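Enquirer: Given the coordinates of chain A, work out where chain B should sit on it, guided by the hints.
Sequence order for the protein chains is A and B. The letter at position 163 of the first sequence is residue 162 when you use numbering that gives the first Met the number 0, and the numbering goes up by one with no holes. The letter at position 140 of the second sequence is residue 139 when you use numbering that gives the first Met the number 0, and the numbering goes up by one with no holes.
In case anyone wonders, no lab produced these hints; they're calculated from the structure. Watch out, some of these pointers could steer you wrong.
[Said to hold, decoys possible] Partner residues aside, some chain B positions facing chain A, computed with beta carbon under 8 Å:
1) K84
2) S88
3) W93
4) K135
5) E136
[Said to hold, decoys possible] Chain B is nowhere near these chain A residues, computed Cβ spacing over 12 Å in every case:
6) L7
7) F13
8) T17
9) S24
10) D82
11) P112
12) Y144
13) S174
14) A177
15) D184
16) M208
17) N209
18) P225
19) K236
20) Q240
This structure is a prediction, so every number in the text was calculated from the model and none was measured. Don't be surprised by glycine CBs; every beta carbon is placed ideally from N, CA and C.
Spelled out from the first residue to the last, the chains are:
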Amino acid sequence: MIYSSAILEEILRFANPTETVWITSKSKGIAKELALAFVMTPRFISKTPINNPRNIIDGWVWQDYTLEKLVRIYIVCLLSEKDGTDQLNLLFDTAEINEAVALHSALPALKNPTQFLLRATDAVRSNMGSVFESIAFENPYPSLYFSELAWNQMVLKCIFNDKAIHRIYDLEKRSNQALADTLSDFAHERWAAGRRVPSQVWRLVPQFMNENLQSDINKLAQSDNPRDVLASELVNKEIAQPGSTMGQWKELELPEPIYQA
Amino acid sequence: MCQNPHQKEINPSHFEGSTEEKATATVVDHDFMSYTQGMKFFDPHMHMSSRTTDDYQALADAGVVALIEPAFWLGQPRTGLASFKDYFSSLVGWERFRSSQFGIKHYCTIGLNSREANNEALAEQVMEILPLFLQKEGVVGVGEIGFDDQTAAEEKYYRAQLEMAKEMNLPVQVHTPHRDKKKGTERSMAIALEHGLDPKMVIIDHNNEETVKSVLDQGFYAAFTIYPFTKMGNERMVEIVKEYGPTRIMVNSAADWGISDPLAIPKTAALMKIKGIDVETIRQVTYQNALDAFAQSGQINEGDFIHGLEIDQSQKFNGNTVLRGGQAPRINKNSMIIR
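Bound conformation, chain B alone:
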């Protein structure tokens, strides 16, 4: 969730990359898929309702077999409960269907995001309907919740939703703030522990070099968002995996309405491969760890997607018979003729 996609300021980082490494990345840009043949990916953070159908096609082509769409802020505040309700419904309805057309298994997490927690009158109403959605099939956690401005209202609803997650035995996907990130991340973890959550049920998202050590040391899952300009670059990601290894680390794209890249995971996997990281480690940080973390919800069956999503013949959409893995029918985008 990028707050200002036009902001050019890059997060401070230990690792800026050598000239040689930057050159490598330029080469990979042109044909990253030749490095990821046969790999399958699980992106645990994508806001697909902000993306086009072309993105789904590209994801399927690049080997993304499953994804999780966390409920988030839509770019402007909602003014009533009905728009929250319709948004949550679309995450378990229309978006799930749209994804299935491309052979990608779509899961979601449901929650009240930190920004809109600040509208307390509305937040109260949203909290009322959350349990209904959290019990639904394929809802794999409470998310994304946490801090933005780190206000009292944000803290109140973060705590209340942690309690819900605990009661329903669901994983939690925690958004960490863009500003004052390090303190915000520590505070998010401390509160989760205070509420008695098992750290392995909590995925701390949008980590960077400054936050990762503490997150892992305390037993939480550490997710990294590869997102241009405001979050992580994938060269930095490679260095983190080299330093910390694959345990409890996962990569995501957080692709949304900002300048983001839905193919961030496959591209990062390609870069890791070029830089000598072994295939098993790559598999863990781009597939298995996300699967393990969210499968704790009891709502993920790997068999549903590992061999490609079995598309029910009833799942036809407007005259397009999409069979398996989104192979047909294809539109040649370079053709001037449209049939």
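Isolated chain A, as found in the complex:
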């Protein structure tokens, strides 16, 4: 799929005339010029918020994007469409934080998305919060292209780092037995240390129940924390009637850091 023209259409809704001229002239450049334009974008394009954005790929949410970020994504798409792989690799290798965020956010719209699988799994390994989030959240790339192992690593890292998992696209769809089992082990470790696990993570287990997980859910039901009690109720309800709890996890969809500030 070629997405650049759809992205450009959206950009032109927000760009002022000077910005439009810059974007139009840069878009005609060869790969090397496009790469430099990507780096220089913030000097010419404002950080205007993209309000009420269109949705061009399911799961790719631009809600918190700025114009500058969207222009960068557009340039990355052009590079991939013009076979600028070398320049794309250079941009990944030398990326500043905001550049890294734009590059990973753009992955689902690139011409050969699987070519960048290692970049995506490297972003999951990143300890820079915003870089991790750029691949994990509001981004359909992991759901579309990650192996089960890579997917599970991303979800677990998300939980481990106290980030709210509901921002992962296709969270329930890609849940699996291995992830549910590892989650149980993880919860046991946390509990042994006297720490807690965010209540909403239990939404990943109803399809994969076994003795271990059932005892975890029973334990939650006994918790002093009303959110854990609610989570156990929802899990039991979902087991009894699959699909019945859709939308009901909303209340638990928030970050629950183990260290409270």
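Expert: Chain B only, in chain A's frame:
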């Protein structure tokens, strides 16, 4: 950038300090922060990749709100382009992120340092990738560049990078040599002028009593590095500010892998206050002048940090929710119990 942190020889100086002044400094050592309440600092020269997270915490506590990390020599020569590339990337990536966790705005300058300019084969490759990094967001200048041994190769790459700075309209952060400093400083300035750089776009670093007058007279910014043993002491710094006033003077710590002090600026500010220098002058030499000089890059927005760095809730790091100004979560370092 101290070449030999173990070298005990002190730079020759006009000012050695009176007995009374040395006594004052000893007192200040214990509680300098009581003199700097409400002050904000901008350190335009810190090599944070050589420092620990504890230093960031201490900087935030002492009122440092923004800093500039110049690209430099890592203590041993790099052998390939990839390690330069990764180092530059870390200055705009990981280090920037690490700093933000403590509410400190991190900028950098990018350049080929003088020592490694002497490896010409590698230097050529580094020059190729510099423009890419110099155009990046938050890169506020070309630096630190200049002379070390004052070889022909050093001069060649110093000149080439001055041209780059001119073309991109970026300030230049000039390292002046440890040995033969006075001549090296004069030569650095003469070359910058020869290339048509506006002296107000050039920050001459690591000044001392011997170099400052000429630097200021010719219209350059004069930076002073408060660094134990090999560069300036802060008592000498106080005397310089008394003599020359605040115009185009800035203080930095150049904290790195040597015996250096990341809190050099707040400590110097405290000492200036005790010694009767007015608060506005202190503000200029410890904050405003550095900001003005490097803001000429167009890459600094004071609003980003003056009221504390707004830490995006997405900027969480390994389970630590650092909110604003690095206040939480705190570890009590004196506690034997680790939770």
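Enquirer: Each of the hints needs a verdict: does it hold here or not?
Expert: How the hints compare with the structure:
Hint status for K84/B: holds, given a least beta-carbon distance of 6 Å to chain A, under 8 Å. Satisfaction of the interface hint for S88/B is found here, the shortest Cβ-Cβ separation to chain A being roughly 5 Å, below the 8 Å cut-off. Contact between W93/B and chain A, as hinted, is supported at the beta carbon level, the nearest pair being about 7 Å apart and thus within 8 Å. Interface restraint check for K135/B: the shortest CB-CB distance to chain A comes to about 5 Å, inside 8 Å, so the restraint holds.
Contact between E136/B and chain A, as hinted, is supported at the beta carbon level, the nearest pair being about 5 Å apart and thus within 8 Å. Distance check on L7/A: its Cβ is at least 22 Å (rounded) from any Cβ of chain B, clearing the 12 Å threshold; non-interface status holds. Separation of F13/A from chain B is adequate, the least Cβ-Cβ distance of about 19 Å exceeding the 12 Å criterion. Even its closest Cβ contact with chain B, about 16 Å, leaves T17/A beyond 12 Å, as expected for a residue assigned away from the interface.
Once the 12 Å rule is applied to beta carbons, S24/A is consistent with being away from chain B; the minimum gap is 17 Å. With a closest Cβ-Cβ approach of about 20 Å to chain B, D82/A is found to remain outside the 12 Å limit, as its non-interface label requires. With a minimum CB-CB distance of about 23 Å to chain B, P112/A clears the 12 Å threshold, and the non-interface call stands. The beta carbon of Y144/A sits about 23 Å from the closest Cβ of chain B, which is more than 12 Å, so the claim that it is off the interface holds.
Even its closest Cβ contact with chain B, about 23 Å, leaves S174/A beyond 12 Å, as expected for a residue assigned away from the interface. Even its closest Cβ contact with chain B, about 23 Å, leaves A177/A beyond 12 Å, as expected for a residue assigned away from the interface. Listed as outside the interface, D184/A is consistent with that label: its C-beta sits roughly 18 Å from the nearest C-beta of chain B, beyond the 12 Å cut-off. The claim that M208/A lies off the interface holds: its Cβ sits roughly 28 Å from the closest Cβ of chain B, which is beyond the 12 Å cut-off.
Every CB of chain B lies more than 12 Å from the CB of N209/A, the least distance being 28 Å, so the non-interface label holds. Remark: the non-interface label on P225/A is consistent with the geometry, its nearest Cβ contact in chain B lying 22 Å away (cut-off 12 Å). Residue-level check passed: K236/A sits 31 Å from the nearest beta carbon of chain B, beyond 12 Å. Against chain B, the non-interface label of Q240/A holds: every CB pair exceeds 12 Å, the least being about 35 Å.
Violated hints for the displayed structure: none, as all numbered hints are satisfied.
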